[in-house]
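Asker: For reference, the chains in residue letters:
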Amino acid sequence: MTSVPMDHGLLLAGLLFAVGLAGVLVRRNILYVLMSLEIMMNSAALAFVVAGARWSQPDGQIVFIFIVTVAAAEVAVGLALVYQMFKRMKTLDADAASLMRG
Amino acid sequence: MTEAQFVALSPLILVGLAALVVMLAASFKRSNGLALGLTLAGFAASLVSLAWAAKVAPVQVTPLILIDRLALFYLGLVFLTGAAVALLGHGYFEKRAGYRDEFYMLLLMATLGAGVLVATTHFAALFIGLELLTISLYALVGYTRTEPRSLEAGLKYLVLATVSTSFLLFGVALLYAELGTMEFGKMVDLIRQGGHRETLVNGAIALVGIGIGFKLALVPLHMWTPDVYEGAPAPVTAFVATVSKGAMTAVLLRLYLLVGGAIPDSVMTLLSVIAILSMFVGNLLALLQDNVKRILAYSSIAHLGYLLVAFIAGGNFAPEAVTYYLIAYMATSLGTFGMVSVISGREREAEELRDYAGLFWRRPFEAGVFAAMLMSLAGIPLTAGFIGKFYLLAAGVDMGAWVLLGSVVINSALGLFYYLRIVASMYAAETSAKPGAAAREVALLGSATLAALALCLIWLGVFPAGLITLIRSAVLGV
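In the order they appear, the protein sequences are chains L and D. Reading the first sequence from the start, the letters are residues 0 to 101 in numbering that gives the first Met the number 0. Reading the second sequence from the start, the letters are residues 0 to 477 in numbering that gives the first Met the number 0.
I should point out that these hints are in silico values taken from the structure, not numbers from a laboratory. Just so you know, even glycine gets a beta-carbon here, dropped at the ideal spot from N, CA and C. One should not assume that every hint holds.
To be verified - Taking beta-carbon pairs under 10 Å as the criterion, some of the chain L residues facing chain D (in silico):
no. : residue
1   : V3
2   : A43
3   : A70
What the hints assert, rightly or not - If we take Cβ atoms under 8 Å as the criterion, some of the chain D residues that face chain L in the derived model are:
no. : residue
4   : Y98
5   : I127
6   : E130
7   : M181
8   : G184
9   : V187
10  : W223
11  : L269
12  : S424
13  : Y426
14  : A428
To be verified - Simulated restraints, written as ranges between beta carbons of each label pair:
no. : chain 1 : residue 1 : chain 2 : residue 2 : range
15  : D       : F364      : L       : R87       : 45 to 53 Å
16  : D       : M398      : L       : L14       : 39 to 47 Å
17  : D       : D289      : L       : T90       : 24 to 32 Å
18  : D       : V396      : L       : L24       : 42 to 50 Å
19  : L       : K86       : D       : P57       : 49 to 57 Å
20  : D       : M398      : L       : L98       : 39 to 47 Å
21  : L       : L24       : D       : V266      : 21 to 29 Å
22  : L       : L14       : D       : N201      : 30 to 38 Å
23  : L       : R87       : D       : G194      : 51 to 59 Å
24  : L       : Q56       : D       : M0        : 43 to 51 Å
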């Protein structure tokens, strides 16, 4: 069985990263922003798995599990904040949350 | 795990344990005082265990964590700051409705994350420490959830910090793909030996730099600072300004010591540009603000610029100069944001410049301490801030970094202007300040903490020798 070359994996991770970043910058709905953040974190996680495969070390997969765990914790806090914001502002538009200027 | 490793880790274990105890205690009895007591007990136990751990140091605990004198010194700094924030938070949240116990639990968790950061020698542990710190901070920044600005600040911080962490992670993944290790020491050695793809490694280091620069709020990654500082509850702002930046500086210092000053000129030039921009952007934008928390936020951007100058121009002095400057900066930031939280009333925080009008006539003690803190930020003689800046300039003159030194001098003058603006408004006659802006009751614990900090600053400004000896033994012993 031929394995996938490392650079292809890294390229895929890089593309996913760019998609996530674009989503964070372009999307106005705060839920989509959170989803785009997940894509960014997970693209880095994928890059770790690819890198770990190159060296045949478990380290890449260990960091992958770290990232997935941390991302879950992050979303838990994020959704709690979004819920509070929705309760008070009745909107999920990120532009509505701009009381502070300067 | 051997006994020595267990002893070396005990400061971190105790802080983690304290977080659990506070959380469990809250489920039996909700009490602001009890939670504060447990938190302080946890910090005290960790600080005592530092002396215990110092006997076995340096100890490498798995490849992830190294407890050496540098780590112990910074752990002490982080724990002391955490305890001071807990004391300030007690008075602040006592005045406000809502649950208070979780504040202490999150504070302990965030401090634990910062503790992991200062002791780490491996990027996996760096990631865990960073996220433990940052995720606790999201919740802390948005803690007063009835206040829309606090929620907004929490969300903004969450989005931007996650983006920056993703950059850092992606950079580390690329480095790992190229080098096959995530340990700081081995990575530096491998990069020195060469034989790998230069562009990939340089790009990866730049990505890691973005992650670190964001935490330190250096220009052009400073955009989040004023909003988060303004929206967060004042004690939390004090924590963000001190512990989170201090821990990242410790990581930077550890990497700096490993690289051993062999940094390419192009990187040095880039860092110089970032330092100069941070100083100018921070100070010039601070001039335009009327909100004290925003003024202090921009001033903290400028101060991190000064700190970077210590890294660049320090030469052999750099570790000492950076650590001294950081301590002076942390003590004064804690003091200034602590003051905002102590004199804030029930309804809202005393954050507008006009809330401070005539403060000296109403509350002379607090106004005097606040003035001393601002003088230290400005770097007036007889304060710790002056010694910090003196260190910086002395190190810079040694290296002949005149452009940087010129910027530091110009910016010190700019800074003086807006610090004095706050001081002048405190001594001005009282205008018709909005009622409820400044508290009538005195938060005893908070005021005592601030008085102790002010004494510390002046003590360090007059007799800096003791601390300098301590710093030398910590940073040069590695």
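Asker: Run every hint past the structure and note whether it holds.
Answerer: Okay, the hints, checked on the actual structure:
no.	hint	in the structure
1	V3	13 Å, violated
2	A43	4 Å, holds
3	A70	9 Å, holds
4	Y98	14 Å, violated
5	I127	6 Å, holds
6	E130	5 Å, holds
7	M181	6 Å, holds
8	G184	16 Å, violated
9	V187	18 Å, violated
10	W223	11 Å, violated
11	L269	22 Å, violated
12	S424	18 Å, violated
13	Y426	26 Å, violated
14	A428	27 Å, violated
15	F364/D <-> R87/L: 45 to 53 Å	37 Å, violated
16	M398/D <-> L14/L: 39 to 47 Å	43 Å, holds
17	D289/D <-> T90/L: 24 to 32 Å	28 Å, holds
18	V396/D <-> L24/L: 42 to 50 Å	44 Å, holds
19	K86/L <-> P57/D: 49 to 57 Å	51 Å, holds
20	M398/D <-> L98/L: 39 to 47 Å	45 Å, holds
21	L24/L <-> V266/D: 21 to 29 Å	28 Å, holds
22	L14/L <-> N201/D: 30 to 38 Å	21 Å, violated
23	R87/L <-> G194/D: 51 to 59 Å	57 Å, holds
24	Q56/L <-> M0/D: 43 to 51 Å	22 Å, violated
Violation of the numbered hints given earlier is confined to hints 1, 4, 8, 9, 10, 11, 12, 13, 14, 15, 22 and 24; the remaining hints are satisfied by the structure.
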